[in-house]
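Participant: Listed here are the chains, written in short residue letters.
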Amino acid sequence: MLTTTRVLSGLLALLGFSACSDENGGGMSEEYGSPIVDYQVKGQVTDAEGNPIDGIQVIAKPAYGVYTDATNSSWKNADTTYTDAEGNFESSLLQNVAMEGKLLFEDVDGEANGGVFQTDSASLQEAETVQLEERDGWYMGRYELILNKQLAKDEPKQD
Amino acid sequence: MEKITPLTLRHRLGLEIARKLRQEQIKEHPLRQLFWECTLRCNLHCRHCGSDCKKEAGFADMPLKDFLRVLDQVAERTDPHKVFVILTGGEPLVREDLEVCGRAIYDRGFPWGMVTNGLYLTRDRLNRLRAAGLHTATVSLDGLEEEHNWMRGHRESFARALDAIRFLVDATDVVFDVVTCVNRRNIGQLEAIKQLLIDTGVKQWRVFTIFPSGRAAKDPALQLTGEEFRRLMEFIRTTRKEGRIHLSYGCEGFLGNYEGEVRDQLFFCQAGVVVGSVLIDGSISACPSIRADYHQGNIYQDNFMDVWEQRFHPYRDREWMRTGDCATCQYFRYCLGNGMHLRDGEGKLMFCHLKRLEDKV
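Heads up: the protein sequence lines correspond to chains R and E, in order.
Taken in order, the first sequence gives residues 1 to 159; the numbers are from my numbering.
Taken in order, the second sequence gives residues 1001 to 1361; the numbers are from my numbering.
Pulled out of the complex, with its shape left as it was, chain R reads as follows (with noise of 0.2 Å):
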């Protein structure tokens, strides 16, 4: 059903007309309704002299404590990933009602990877934005944020 609702919506476009869908809120999008934003956020963790940090643990914390992951629908209050040995690190597709929260930095792995650092955060509006999709209706586009971090290392305590 859900392709004859595609086609019959595509051809509502070609006559010029907007179809309601379940996507844009019920077609209600000029009524109430909620703004929804996509956004997947990357970067590189490194130490103070700039070499990459592989395990780091990044995990996506949004502001509100709520938000789906838009690849399968399911509720998540955080989204966990971990650095690769090039540093990098990428989170799931997110959705959110905004791109509000903070990325969480810790070093699980111990002594492993160059040692033991510290843990940090970043708030996502320290990240460099690239709209990858527009806006239309509540639908407020897809977004990528690249966000790179410095982690300083954690020296044992001189007595």
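Be aware that a few hints might be false.
[Claimed, not checked] No more than 20 Å apart at the CA atoms, straight line, and that leaves these computed lysine to aspartate or glutamate pairs for DMTMM-like:
id: 1; chain 1: E; residue 1: 1360; chain 2: E; residue 2: 1228
id: 2; chain 1: R; residue 1: 42; chain 2: R; residue 2: 54
id: 3; chain 1: R; residue 1: 102; chain 2: E; residue 2: 1107
id: 4; chain 1: R; residue 1: 61; chain 2: R; residue 2: 134
id: 5; chain 1: R; residue 1: 102; chain 2: E; residue 2: 1173
id: 6; chain 1: E; residue 1: 1203; chain 2: R; residue 2: 136
id: 7; chain 1: E; residue 1: 1355; chain 2: E; residue 2: 1344
id: 8; chain 1: E; residue 1: 1360; chain 2: E; residue 2: 1325
id: 9; chain 1: E; residue 1: 1203; chain 2: E; residue 2: 1228
id: 10; chain 1: E; residue 1: 1241; chain 2: R; residue 2: 136
id: 11; chain 1: E; residue 1: 1003; chain 2: E; residue 2: 1234
id: 12; chain 1: E; residue 1: 1065; chain 2: E; residue 2: 1076
id: 13; chain 1: E; residue 1: 1027; chain 2: E; residue 2: 1319
id: 14; chain 1: E; residue 1: 1348; chain 2: E; residue 2: 1252
id: 15; chain 1: R; residue 1: 153; chain 2: R; residue 2: 106
id: 16; chain 1: R; residue 1: 153; chain 2: R; residue 2: 79
id: 17; chain 1: E; residue 1: 1003; chain 2: E; residue 2: 1319
id: 18; chain 1: R; residue 1: 149; chain 2: R; residue 2: 79
id: 19; chain 1: R; residue 1: 61; chain 2: E; residue 2: 1173
id: 20; chain 1: R; residue 1: 61; chain 2: E; residue 2: 1234
id: 21; chain 1: E; residue 1: 1203; chain 2: R; residue 2: 134
[Claimed, not checked] Pair by pair, the computed Cβ-Cβ distance ranges are:
id: 22; chain 1: R; residue 1: 141; chain 2: E; residue 2: 1127; range: 20 to 26 Å
id: 23; chain 1: E; residue 1: 1291; chain 2: R; residue 2: 80; range: 46 to 52 Å
id: 24; chain 1: R; residue 1: 80; chain 2: E; residue 2: 1072; range: 47 to 53 Å
id: 25; chain 1: R; residue 1: 111; chain 2: E; residue 2: 1100; range: 42 to 48 Å
id: 26; chain 1: E; residue 1: 1238; chain 2: R; residue 2: 86; range: 52 to 58 Å
id: 27; chain 1: E; residue 1: 1124; chain 2: R; residue 2: 102; range: 35 to 41 Å
id: 28; chain 1: R; residue 1: 125; chain 2: E; residue 2: 1198; range: 27 to 33 Å
id: 29; chain 1: E; residue 1: 1156; chain 2: R; residue 2: 88; range: 51 to 57 Å
id: 30; chain 1: E; residue 1: 1226; chain 2: R; residue 2: 90; range: 33 to 39 Å
id: 31; chain 1: R; residue 1: 13; chain 2: E; residue 2: 1198; range: 23 to 29 Å
id: 32; chain 1: R; residue 1: 102; chain 2: E; residue 2: 1079; range: 21 to 27 Å
[Said to hold, decoys possible] To give an idea of the chain R side of the interface with chain E (calculated C-beta under 10 Å), a few residues:
id: 33; residue: 5
id: 34; residue: 15
id: 35; residue: 16
id: 36; residue: 32
id: 37; residue: 57
id: 38; residue: 97
id: 39; residue: 98
id: 40; residue: 137
Don't read these hints as lab results, they were simulated from the structure.
C-beta atoms are modelled at their ideal positions from N, C-alpha and C, and glycine is treated no differently.
Chain R is already provided as a structure; the job is to place chain E on it using the hints.
Facilitator: Same frame as chain R, now just chain E:
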């Protein structure tokens, strides 16, 4: 616009396709918008108020926990992320615990917004509401200063509403629109209002006309003539072509060949199809302006989702509306008897937009 009817071939084809899509949506009836009439208290006394709300309301504000129980029932059966909660009243900002309400709604996964007259909105209050998850709002502005204040019955109402709009323009994470109730006193000011809104930074503007219900029913200054109504449609059409501000007519009324010209979507009253509501006394309905005769249950006796799934028949099969003028109207197949809020207690239609558009005067 040459003629409002008969429909052009393009309109007829479009409306036939929209009918098919509409039938599917009625069958699925996914809850997408949930109004919460959280208070009947109001800080204004508007001439056109549909709810007849008062400073001292006959009902106490609904306790938050009662509404949260409804949201839990909704979340058990549908993705809360897809159900938009709209706080309405009365005036939602008179609730001192509005931020607490918003935050609790948001923490359950429901996006939320509010409809406000702006009188009690300050920059600090807006920031607190944003921190509680507010991302959308609708502010009423019913004309330039004199006409707005006349309509709203408060001499500071215009200035404060405009302040509220300015705060919202600055809050880039909030999507908002301004709604204007067009009447006989402000219809001559539409160009000036448009310029004011554009100069203020408003992107979305919605206008509606007044239906004969509540306080507005007996006020002739509020009802547009056929000629004025057509002038309004032309104004919307021209403004949309200019592209300086996104203007649309409200969700009610089948408009003949103006369909698709003054709104993004073709007319379809979605009350009870995707729109539900919880009213101040716990009644379960659709848009808050619908008469009590069409309430479908009460949250203090029923599970909201049981009611949503098993009742609402008058909303989803509107053949019963095929009476009076609608009985012989060739456009009933597209209009389905106009909006649910335009039916009186006996099921009679109180206002036909197409008929008014075709009035000679």
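Participant: All the hints need checking, so say for each whether the structure fits it.
Facilitator: Each hint tested on the structure:
1. E:1360 x E:1228: holds (11 Å)
2. R:42 x R:54: holds (15 Å)
3. R:102 x E:1107: holds (17 Å)
4. R:61 x R:134: Distance ~24 Å between residue 61 of chain R and residue 134 of chain R Cα, so the pair is violated.
5. R:102 x E:1173: holds (16 Å)
6. E:1203 x R:136: holds (13 Å)
7. E:1355 x E:1344: holds (18 Å)
8. E:1360 x E:1325: holds (18 Å)
9. E:1203 x E:1228: violated (25 Å)
10. E:1241 x R:136: Given that 20 Å is the threshold and the Cα spacing comes to 17 Å, the pair holds.
11. E:1003 x E:1234: holds (12 Å)
12. E:1065 x E:1076: Judged against 20 Å, a Cα distance of about 17 Å means the pair holds.
13. E:1027 x E:1319: Distance of about 15 Å is within 20 Å: holds.
14. E:1348 x E:1252: Roughly 16 Å between the alpha carbons, so the hint for residue 1348 of chain E and residue 1252 of chain E holds.
15. R:153 x R:106: holds (12 Å)
16. R:153 x R:79: violated (25 Å)
17. E:1003 x E:1319: Violated: residue 1003 of chain E and residue 1319 of chain E sit about 28 Å apart, past 20 Å.
18. R:149 x R:79: Holds, at about 17 Å.
19. R:61 x E:1173: holds (18 Å)
20. R:61 x E:1234: Violated, because 48 Å separates the two Cα atoms, which is more than 20 Å.
21. E:1203 x R:134: holds (16 Å)
22. R:141 x E:1127: 20 to 26 Å: Given range 20 to 26 Å: holds, Cβ gap about 25 Å.
23. E:1291 x R:80: 46 to 52 Å: 51 Å Cβ-Cβ, so the 46 to 52 Å window holds.
24. R:80 x E:1072: 47 to 53 Å: violated (27 Å)
25. R:111 x E:1100: 42 to 48 Å: The hinted range 42 to 48 Å holds for residue 111 of chain R and residue 1100 of chain E, with Cβ atoms some 46 Å apart.
26. E:1238 x R:86: 52 to 58 Å: holds (56 Å)
27. E:1124 x R:102: 35 to 41 Å: violated (24 Å)
28. R:125 x E:1198: 27 to 33 Å: holds (28 Å)
29. E:1156 x R:88: 51 to 57 Å: Roughly 56 Å apart at Cβ, these two residues keep to the hinted range, so it holds.
30. E:1226 x R:90: 33 to 39 Å: violated (60 Å)
31. R:13 x E:1198: 23 to 29 Å: holds (28 Å)
32. R:102 x E:1079: 21 to 27 Å: holds (25 Å)
33. 5: Holds, about 6 Å.
34. 15: holds (5 Å)
35. 16: holds (7 Å)
36. 32: At 5 Å from the nearest chain E Cβ, residue 32 of chain R passes the 10 Å test, so the hint holds.
37. 57: Because about 25 Å separates residue 57 of chain R from the closest Cβ in chain E, which is outside the 10 Å limit, the hint is violated.
38. 97: holds (5 Å)
39. 98: Since chain E brings a Cβ to about 5 Å from residue 98 of chain R, closer than 10 Å, the hint holds.
40. 137: Check passed: Cβ of residue 137 of chain R comes within 7 Å of chain E, closer than 10 Å.
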